[in-house]
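For reference, the chains in residue letters:
There are 2 protein chains.
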Amino acid sequence: MNITIVGSGNVGTVLYSMLKKAGHIVRQLAGRGPVQDIGNSSDLYILAIADDILPSFAGSLQLNDKLVVHTAGSVSIEILQNTSTNYGVFYPLQSIRKELNSTPEIPILIGANTEENKAILYSLAATISKDVHYANDEQRRKLHLAAVITNNFINHLLALTEDYCQKESIDFKLLLPLINETIHRLQFSPAKDVQTGPAQRNDITTIQKQREMLIQHPSLLHIYQLFTESIISLRSS
Amino acid sequence: MNITIVGSGNVGTVLYSMLKKAGHIVRQLAGRGPVQDIGNSSDLYILAIADDILPSFAGSLQLNDKLVVHTAGSVSIEILQNTSTNYGVFYPLQSIRKELNSTPEIPILIGANTEENKAILYSLAATISKDVHYANDEQRRKLHLAAVITNNFINHLLALTEDYCQKESIDFKLLLPLINETIHRLQFSPAKDVQTGPAQRNDITTIQKQREMLIQHPSLLHIYQLFTESIISLRSS
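Quick note, the sequences are listed as chains A and B, same order.
For the first sequence, my numbering assigns the number 1 to the initial residue and increments by one for each residue that follows.
For the second sequence, my numbering assigns the number 1 to the initial residue and increments by one for each residue that follows.
Hints are computed from structural coordinates only; laboratory data are not their basis.
Small disclaimer: the values here were computed from a predicted structure and weren't measured.
Glycine residues also receive a C-beta, built at the ideal position from the N, C-alpha and C atoms.
There may be inaccurate statements among the hints.
Just the calculated beta-carbon pair ranges, DEER-fashion [to be verified]: (1) Pro-104(B) <-> Asn-101(A): 37 to 43 Å; (2) Ile-232(B) <-> Gly-9(A): 42 to 48 Å; (3) His-184(B) <-> Lys-167(A): 23 to 29 Å; (4) Ser-237(B) <-> Lys-192(A): 48 to 54 Å; (5) Ser-123(B) <-> Gln-225(A): 39 to 45 Å; (6) Gly-9(B) <-> Glu-138(A): 40 to 46 Å; (7) Glu-99(A) <-> Gly-9(B): 41 to 47 Å; (8) Pro-218(B) <-> Ala-50(A): 44 to 50 Å; (9) Gly-9(A) <-> Pro-104(B): 51 to 57 Å; (10) Tyr-122(B) <-> Thr-103(A): 21 to 27 Å; (11) Arg-27(B) <-> Leu-221(A): 39 to 45 Å; (12) Lys-192(A) <-> Ile-25(B): 36 to 42 Å; (13) Lys-118(A) <-> Ala-22(B): 37 to 43 Å.
In silico DSSO-like links for lysine-lysine, alpha-carbon gap of 30 Å or less [stated by the list, open to error]: (14) Lys-98(B) <-> Lys-209(A); (15) Lys-98(B) <-> Lys-192(A); (16) Lys-192(B) <-> Lys-209(A); (17) Lys-173(A) <-> Lys-66(B); (18) Lys-173(B) <-> Lys-167(A); (19) Lys-167(A) <-> Lys-167(B); (20) Lys-118(B) <-> Lys-167(B); (21) Lys-66(B) <-> Lys-130(B); (22) Lys-173(A) <-> Lys-192(A); (23) Lys-192(B) <-> Lys-66(B); (24) Lys-209(B) <-> Lys-173(B); (25) Lys-209(A) <-> Lys-192(A); (26) Lys-167(B) <-> Lys-20(B); (27) Lys-192(B) <-> Lys-98(A); (28) Lys-130(B) <-> Lys-98(B); (29) Lys-192(A) <-> Lys-66(B).
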């Protein structure tokens, strides 16, 4: 397939390498260049640009009947309805960083305005991923929200814990087997069924001691407080 | 070594199998049995009983000079100072569930009242783990707190997300590659350096839309709110 990717961020850059490697003819343009540079000689246009500038960018672009997609989890495909008569979405459900050497497994969620466009995008996605699914705007938005919680929030918890360990002179790396085990179990058991810890067993003494230990770490203290309440509440629900 | 384990919970049961497999002579007693059943013919007594009953249990036990340890992350070894002249701790820094078939890698933190006792416990731990470390009461308590955050809180986030996916009829399993990648990166990059998402890029539009999507999920909404503020605050610090 002959593909133009607009955007030189993480998603644009990684899609560029993956599609090229899969044998497609791909060119990549910076998302901030003039709209007229985009031309109309490709079979597919992938707009891999930031969510907040995507609608105005799409509004300034006219591709007639050329297939155009964006790559955003939370943005409706309908923002492209005046850009072309054929439009959709090509959303990688993964945290992508162009500077990392290895590319992880990337599930791709496909949506489009016609069944034919869905099929074209599905076939394309299948050339770079074993894990391709259809999702309409609403399903994709929900999965994106779940992705924010499981990736961004878990990563933030880890960042705060690394900071805590560094300030308290303990070795964060000692926690890696425990963290790996926490995730590994998800393949076998619902997380709710393997919850452990002071909040789960309502161990008030330990909870109180741990709160006091966090007085110098206010962000973690707020999180500790909220999670303790939330675990106790889920446990008794 | 000739070992008595008191306690038939997760830690007691898993330590029993591991120590037996490593060639030690081990017997296991229920934590709720009469104290006189414990006897004094073993080289080592491991009290693997709940944190909240541990101090009173230790207070009712007299082992003279027999080496005795507990397995608790947050409890001082000094609660054993009247139980024996030789005492310490043998703390597995892992979330242990006796009903799971495979045993994960278990870092063990060792502490004791004398250098000789530390050395005995270190050698014993090395027969069941490749990852043995010394930690005094304060270091162990801090690691336990970090373990609560990284295991219990991550697991709770996952439990709430599973619940969200179920209620919204989307497939939680689609998120597994993303969750695995989040953890995989920890081996190469500090979490703070790979933070992504709407809060990290201060994308107010997406944050507002996602808040609205969580109105029917109040626990997640509170967490969403707090993490968004916390990520924005860490980002600008």
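Okay, the hints, checked on the actual structure:
no. : hint                                  : in the structure
1   : Pro-104(B) <-> Asn-101(A): 37 to 43 Å : violated, 27 Å
2   : Ile-232(B) <-> Gly-9(A): 42 to 48 Å   : violated, 20 Å
3   : His-184(B) <-> Lys-167(A): 23 to 29 Å : holds, 25 Å
4   : Ser-237(B) <-> Lys-192(A): 48 to 54 Å : violated, 34 Å
5   : Ser-123(B) <-> Gln-225(A): 39 to 45 Å : holds, 41 Å
6   : Gly-9(B) <-> Glu-138(A): 40 to 46 Å   : holds, 44 Å
7   : Glu-99(A) <-> Gly-9(B): 41 to 47 Å    : holds, 45 Å
8   : Pro-218(B) <-> Ala-50(A): 44 to 50 Å  : violated, 30 Å
9   : Gly-9(A) <-> Pro-104(B): 51 to 57 Å   : violated, 37 Å
10  : Tyr-122(B) <-> Thr-103(A): 21 to 27 Å : violated, 42 Å
11  : Arg-27(B) <-> Leu-221(A): 39 to 45 Å  : holds, 43 Å
12  : Lys-192(A) <-> Ile-25(B): 36 to 42 Å  : holds, 39 Å
13  : Lys-118(A) <-> Ala-22(B): 37 to 43 Å  : violated, 57 Å
14  : Lys-98(B) <-> Lys-209(A)              : holds, 27 Å
15  : Lys-98(B) <-> Lys-192(A)              : holds, 16 Å
16  : Lys-192(B) <-> Lys-209(A)             : holds, 27 Å
17  : Lys-173(A) <-> Lys-66(B)              : violated, 34 Å
18  : Lys-173(B) <-> Lys-167(A)             : violated, 36 Å
19  : Lys-167(A) <-> Lys-167(B)             : violated, 40 Å
20  : Lys-118(B) <-> Lys-167(B)             : violated, 51 Å
21  : Lys-66(B) <-> Lys-130(B)              : holds, 26 Å
22  : Lys-173(A) <-> Lys-192(A)             : holds, 26 Å
23  : Lys-192(B) <-> Lys-66(B)              : violated, 47 Å
24  : Lys-209(B) <-> Lys-173(B)             : holds, 24 Å
25  : Lys-209(A) <-> Lys-192(A)             : holds, 25 Å
26  : Lys-167(B) <-> Lys-20(B)              : violated, 45 Å
27  : Lys-192(B) <-> Lys-98(A)              : holds, 16 Å
28  : Lys-130(B) <-> Lys-98(B)              : holds, 20 Å
29  : Lys-192(A) <-> Lys-66(B)              : violated, 40 Å
The structure shown violates the earlier hints numbered 1, 2, 4, 8, 9, 10, 13, 17, 18, 19, 20, 23, 26, 29.
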